[in-house]
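Undergrad: One letter stands for each residue in the lines below.
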Amino acid sequence: MESGKFSVGNEGREVFWNAEHFEALLFVFAGLAVLIFAYGVYRRWRMWKAIGKPEIRWDNAGERIKRLILDGLFQVKTFRERYPGIMHGLIFFGFFILIFGAFFDATEFHIAEPLGIEFLRGNIYLLFSVLMEIFGLFVLLGIIMALWRRYITKPDYLGYKGKSDNIPEDAIVLVLIGLIIITGFILEALRIGVTKPSWEVWSFGGWILAGAFAGVDHEQLKAWHKITWWGHAFLSMGFIAYIPYSRLLHMITTPANQFFSSLKPTGELQPIQDFENAETFGVGKLGDMTWKQIFDVDACTKCGRCQDGCPAYLSGKPLSPKKFIQDIKTYWVQKSSEVVAANKTAAGAGGTAEQKTAEEDKTLPGEVIDLHEIWACTNCMYCMEHCPALIEHVPKIVGMRQYKVLTEADFPPELQLTFRNMENNSNPWGIGSHLRGDWAKELGIKTLAEDPNVEYLYFVGCAGSFDDRGKKVATAFAKILQAAGVSFGILGTEESCCGDSAMRGGNEYLYQTLAQANIETMNGYNVKKIIATCPHGYNILKKEYRSFGGNYEVYHHTEIIADLIAKGKISLKKPVDKLFTYHDSCFLGRYNGIYDQPRNILNAVPGLKLAEMERNREKSFCCGAGGARMWMEEDIGDRINNMRTDQAIATGATGVALACPFCLTMLSDGIKDRKKDEQMEALDVAEIVWEAMGLEEKKAPAAAAEAPAA
Amino acid sequence: MRGRPIGALNEARIRKKEENVNIVACVKQVPDTEAQIKVKADGSGIEEGGIKWVMNPYDEYGVEEALRLKEKKGGEVTVVSLGPARVIETIRTALAMGADKGIHIQDAAFDNADAYTTALALAAAIKPLNADIIFCGQRAIDGDQGQVGAILADMLDIPHVAVVTKLEYTDGAIKATRPIEGAQILIEAKLPCLITAQKGLNEPRYASLPGIMKAKKKPVDVKNAASLGVTPSVNMKVVKFTPPPARAAGKIIGGDDPALKAKELARLLREEAKVI
Ligand code: SF4
Ligand code: SF4
Numbered sequence: 230m231e232s233g234k235f236s237v238g239n240e241g242r243e244v245f246w247n248a249e250h251f252e253a254l255l256f257v258f259a260g261l262a263v264l265i266f267a268y269g270v271y272r273r274w275r276m277w278k279a280i281g282k283p284e285i286r287w288d289n290a291g292e293r294i295k296r297l298i299l300d301g302l303f304q305v306k307t308f309r310e311r312y313p314g315i316m317h318g319l320i321f322f323g324f325f326i327l328i329f330g331a332f333f334d335a336t337e338f339h340i341a342e343p344l345g346i347e348f349l350r351g352n353i354y355l356l357f358s359v360l361m362e363i364f365g366l367f368v369l370l371g372i373i374m375a376l377w378r379r380y381i382t383k384p385d386y387l388g389y390k391g392k393s394d395n396i397p398e399d400a401i402v403l404v405l406i407g408l409i410i411i412t413g414f415i416l417e418a419l420r421i422g423v424t425k426p427s428w429e430v431w432s433f434g435g436w437i438l439a440g441a442f443a444g445v446d447h448e449q450l451k452a453w454h455k456i457t458w459w460g461h462a463f464l465s466m467g468f469i470a471y472i473p474y475s476r477l478l479h480m481i482t483t484p485a486n487q488f489f490s491s492l493k494p495t496g497e498l499q500p501i502q503d504f505e506n507a508e509t510f511g512v513g514k515l516g517d518m519t520w521k522q523i524f525d526v527d528a529c530t531k532c533g534r535c536q537d538g539c540p541a542y543l544s545g546k547p548l549s550p551k552k553f554i555q556d557i558k559t560y561w562v563q564k565s566s567e568v569v570a571a572n573k574t575a576a577g578a579g580g581t582a583e584q585k586t587a588e589e590d591k592t593l594p595g596e597v598i599d600l601h602e603i604w605a606c607t608n609c610m611y612c613m614e615h616c617p618a619l620i621e622h623v624p625k626i627v628g629m630r631q632y633k634v635l636t637e638a639d640f641p642p643e644l645q646l647t648f649r650n651m652e653n654n655s656n657p658w659g660i661g662s663h664l665r666g667d668w669a670k671e672l673g674i675k676t677l678a679e680d681p682n683v684e685y686l687y688f689v690g691c692a693g694s695f696d697d698r699g700k701k702v703a704t705a706f707a708k709i710l711q712a713a714g715v716s717f718g719i720l721g722t723e724e725s726c727c728g729d730s731a732m733r734g735g736n737e738y739l740y741q742t743l744a745q746a747n748i749e750t751m752n753g754y755n756v757k758k759i760i761a762t763c764p765h766g767y768n769i770l771k772k773e774y775r776s777f778g779g780n781y782e783v784y785h786h787t788e789i790i791a792d793l794i795a796k797g798k799i800s801l802k803k804p805v806d807k808l809f810t811y812h813d814s815c816f817l818g819r820y821n822g823i824y825d826q827p828r829n830i831l832n833a834v835p836g837l838k839l840a841e842m843e844r845n846r847e848k849s850f851c852c853g854a855g856g857a858r859m860w861m862e863e864d865i866g867d868r869i870n871n872m873r874t875d876q877a878i879a880t881g882a883t884g885v886a887l888a889c890p891f892c893l894t895m896l897s898d899g900i901k902d903r904k905k906d907e908q909m910e911a912l913d914v915a916e917i918v919w920e921a922m923g924l925e926e927k928k929a930p931a932a933a934a935e936a937p938a939a
Numbered sequence: 042m043r044g045r046p047i048g049a050l051n052e053a054r055i056r057k058k059e060e061n062v063n064i065v066a067c068v069k070q071v072p073d074t075e076a077q078i079k080v081k082a083d084g085s086g087i088e089e090g091g092i093k094w095v096m097n098p099y100d101e102y103g104v105e106e107a108l109r110l111k112e113k114k115g116g117e118v119t120v121v122s123l124g125p126a127r128v129i130e131t132i133r134t135a136l137a138m139g140a141d142k143g144i145h146i147q148d149a150a151f152d153n154a155d156a157y158t159t160a161l162a163l164a165a166a167i168k169p170l171n172a173d174i175i176f177c178g179q180r181a182i183d184g185d186q187g188q189v190g191a192i193l194a195d196m197l198d199i200p201h202v203a204v205v206t207k208l209e210y211t212d213g214a215i216k217a218t219r220p221i222e223g224a225q226i227l228i229e230a231k232l233p234c235l236i237t238a239q240k241g242l243n244e245p246r247y248a249s250l251p252g253i254m255k256a257k258k259k260p261v262d263v264k265n266a267a268s269l270g271v272t273p274s275v276n277m278k279v280v281k282f283t284p285p286p287a288r289a290a291g292k293i294i295g296g297d298d299p300a301l302k303a304k305e306l307a308r309l310l311r312e313e314a315k316v317i
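Chains A and H are the protein sequences, given in the same order. So the first sequence is numbered by the numbering used here: it starts at 230 and just counts up by one. So the second sequence is numbered by the numbering used here: it starts at 42 and just counts up by one.
Among the hints, erroneous ones may be present.
Cut-off 20 Å, straight-line C-alpha distance, at most; resulting in silico cross-link-like pairs (SDA-like, lysine to any residue) [claimed, not checked]:
(1) H:Lys93 x A:Arg649
(2) H:Lys93 x A:Gln745
(3) H:Lys79 x A:Asp503
(4) H:Lys93 x A:His663
(5) H:Lys255 x A:Glu723
(6) H:Lys93 x A:Trp520
(7) H:Lys257 x A:Glu652
(8) H:Lys255 x A:Ile501
(9) H:Lys255 x A:Asp503
(10) A:Lys278 x A:Trp520
(11) A:Lys798 x A:Arg828
(12) H:Lys79 x A:Glu723
(13) H:Lys79 x A:Ile501
(14) H:Lys258 x A:Asn506
(15) H:Lys257 x A:Trp520
(16) H:Lys258 x A:Glu723
(17) H:Lys259 x A:Ala507
(18) H:Lys93 x A:Gln502
(19) H:Lys259 x A:Lys838
(20) H:Lys142 x H:Pro169
(21) H:Lys81 x A:Gln502
(22) H:Lys93 x A:Thr509
(23) H:Lys255 x A:Trp658
(24) H:Lys93 x A:Ala507
(25) H:Lys257 x A:Ala507
(26) H:Lys258 x A:Ala507
Everything labelled a hint here was simulated from the structure, so no lab data went into it.
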């Protein structure tokens with residue numbers, strides 16, 4: 230036997246067995262592979278640097294490293310989807326361990342052994358062998374799962390509207406990795422076939438495979454081994470060299486992007502600072518984005534998770550967040566290469582080639598991205614919540630809207646009416662602003678002008694103030710507060726529209742005007758704590774007003790009610806015998822992580838049963854009204870609110886509980902559209918609670934029955 | 042989700058045609074339709090506090106048409122408005138939309154000016170401009186008189202085409218469509234002429250932000266009665282404003298028998314409301 234210095238008790242294997250003179254040559258090729266790799270990364274580096282405004286994304290490194298460890302190393306977001314999560318996990322962890330093992334092996338052989346330390350022996354060697362076998366098989370399994378998914382089951386998210394995204398590179402990468410593993414096993418089997426050390430039974434894969442070579446002449450096996458050895462080596466080095474030239478680049482860009490991801494609260498947008506002197510606003514050209522906004526597109530792996538829950542895409546609109554990112558990427562690859570080339574010539578000639586290329590720039594919204602796409606987005610945040618690369622789609626979409634609205638004033642006419650209404654009457658409906666406080670008049674609610682010494686400001690918002698259905702919610706909530714003895718007041722006619730629809734609709738100028746008016750008023754009253762019944766107002770007051778000196782403690786009414794129930798300040802004694810399903814508002818759920826409070830409230834209502842829709846919590850399906858979509862026509866594809874209504878109907882529930890006035894409108898309309906208004910009703914959580922408190926004496930049962938008709 | 046062609050508003054890209062048209066658009070500042078109108082205690086006018094002032098919507102069609110004409114043919118748009126200091130806001134709105142310069146006729150002597158006096162002042166301001174075409178709204182939504190355009194045309198001694206919903210411009214002349222009861226008439230007129238705009242003529246644009254910023258720097262000429270050489274004469278005076286009577290409360294017909302309720306409803310409609 231050729232096991233040489235190894236024996237039972239001192240197990241191990243000879244590195245470079247049957248490849249004694251290959252070592253030097255291998256190093257030459259490996260060096261070459263690394264050079265090709267490095268050149269590729271350098272080329273890409275120049276492209277990353279070519280276009281983009283500066284932005285600091287390396288502050289607070291601790292938090293960033295935490296993200297990198299969670300979503301990069303432990304693949305937390307990747308595992309959110311089971312099949313692709315496991316598939317990627319098998320390949321990722323498998324490969325990670327194998328590469329680590331190879332390093333371990335190489336360190337022992339090239340560094341430790343010459344120093345006389347031989348640690349890869351005995352039980353350690355056996356453990357090492359088993360682990361390498363297991364993780365090798367993991368990778369293989371992952372590759373098979375990936376091939377199966379991509380080429381057999383072909384889920385829609387790996388394409389766009391029935392057209393597959395697949396390019397040859399996708400197959401090349403999978404086959405390449407698969408072949409590296411397979412040749413590795415064959416190599417091992419051939420070695421074991423010749424040397425046959427008894428302990429190699431621990432290398433069970435190679436051991437079993439070696440059975441296939443039983444009876445073959447050893448010289449023949451050694452010849453095959455040499456060929457396979459080089460095959461394996463070339464594939465492995467090819468893999469390294471191929472990284473920066475293929476989708477494998479995501480091994481670098483995706484973790485980098487995770488490190489550079491935004492640390493701001495979900496959805497917070499960067500306010501436009503200078504209205505006076507800028508010539509253009511928002512994202513028109515590539516160069517209007519920051520380097521990080523551009524870098525995003527190079528981190529996209531086309532995994533399609535964003536698309537898989539995008540209400541715009543699923544309802545048949547042209548927008549897919551994946552396609553959106555990929556379209557920018559295609560243009561960026563072309564454009565940045567041009568800029569790199571032009572910079573080179575300019576550096577050579579001392580000229581100004583950069584200017585020349587800048588003039589030929591395409592306008593992203595309109596020329597690279599179809600305008601229907603940017604206006605179809607509901608800002609629901611599904612894409613950003615689930616993107617494993619932590620790509621930031623929504624700020625790009627809003628940026629492009631800003632360009633269309635502010636710079637070009639070219640946008641959907643319905644939205645023009647909305648903006649004018651907000652300008653003239655400080656609400657999107659355009660109802661006279663002097664009527665804002667009227668809903669509260671009969672309830673004895675004081676304005677801060679009348680009594681500023683209250684604990685909470687109830688920021689009613691436009692829906693609660695003007696919309697008939699919204700006013701009922703505001704009334705129910707105010708009555709709850711009164712019953713619980715909470716000290717609160719409203720701004721009445723001094724309140725302005727919060728500006729959410731203006732901001733998300735791209736009209737940053739209008740939004741800032743409204744925000745500043747509100748902040749001035751609220752700071753004038755020294756407001757500290759705010760409650761909002763509208764998640765849009767809640768979100769914008771909590772996160773965006775800070776940029777303009779509005780710092781408040783902001784609560785959503787479901788937080789307050791949940792707290793009142795928990796503290797026993799209100800008691801729910803009147804049973805509501807009904808099956809409800811709760812619809813998560815995007816601006817409450819994904820934007821602010823409020824999933825439990827509304828559910829806790831509903832569970833506290835006697836008699837009420839709760840059924841979950843298939844898409845719930847983080848995966849909730851938007852009602853269709855966010856991102857100023859509330860005010861726009863929906864003339865392509867299905868109506869998003871009807872789709873969501875169908876999902877609610879599918880639970881068998883006869884009530885939809887909501888916590889957002891926009892969702893309330895959308896779901897109420899959906900119920901009417903599906904002709905279910907006889908059997909089903911949409912109610913705000915506050916209305917259900919007020920009903921269950923049983924304090925409304927005379928017309929309590931009628932009120933609930935009447936509600937959805939309003 | 043339609044949009045106007047990209048860059049329709051981008052002034053830099055507008056090709057200047059040789060045929061430069063000299064365009065004037067008259068605008069009036071009026072209370073927003075949703076504003077709460079309170080009549081002053083003495084009935085002499087309305088309380089102005091808390092009112093959101095906007096450009097008269099019909100004038101907005103006029104401004105938009107003026108801008109479209111300029112974009113097609115080249116030229117210049119001057120906006121002219123009469124009113125107190127707050128009116129500058131409305132002039133700036135038109136400038137933000139793309140008009141080139143403004144004339145603000147501001148003089149306490151013109152407070153409560155009637156249509157004739159208003160036209161007199163406007164005519165004095167517009168005459169030196171040698172306008173090829175003048176746009177006014179067909180009426181203002183506050184006073185609802187619909188006179189200023191016609192009087193102004195008469196004072197300038199040029200043709201007046203009223204209540205236009207479609208306008209075609211061919212050199213030296215216009216073809217305008219005016220709806221009448223159940224039909225349309227097509228009117229041709231030679232320039233210079235005055236058009237009063239009706240809803241349907243166009244969809245007024247939303248001002249771009251660079252437009253808004255630039256508007257702050259565009260020239261606005263402030264004139265008064267003296268500099269215009271006009272002596273305000275009051276020929277017509279509003280004697281008294283009275284608010285409309287408050288709406289009476291609705292009536293709910295009680296009872297259990299639908300047939301009886303229907304009968305009662307029919308009776309009330311016939312005898313009390315007198316609608317059937
Ligand atoms: S925010 Fe929502 S609607 Fe917009 S692209 Fe992302 S998933 Fe689609
Ligand atoms: S944007 Fe993110 S979620 Fe969407 S395909 Fe790319 S990597 Fe996947």
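Undergrad: Which numbered hints are broken by the structure, listed smallest first?
TA: 3, 5, 6, 13, 15, 16, 18, 19, 21, 22, 23 and 24
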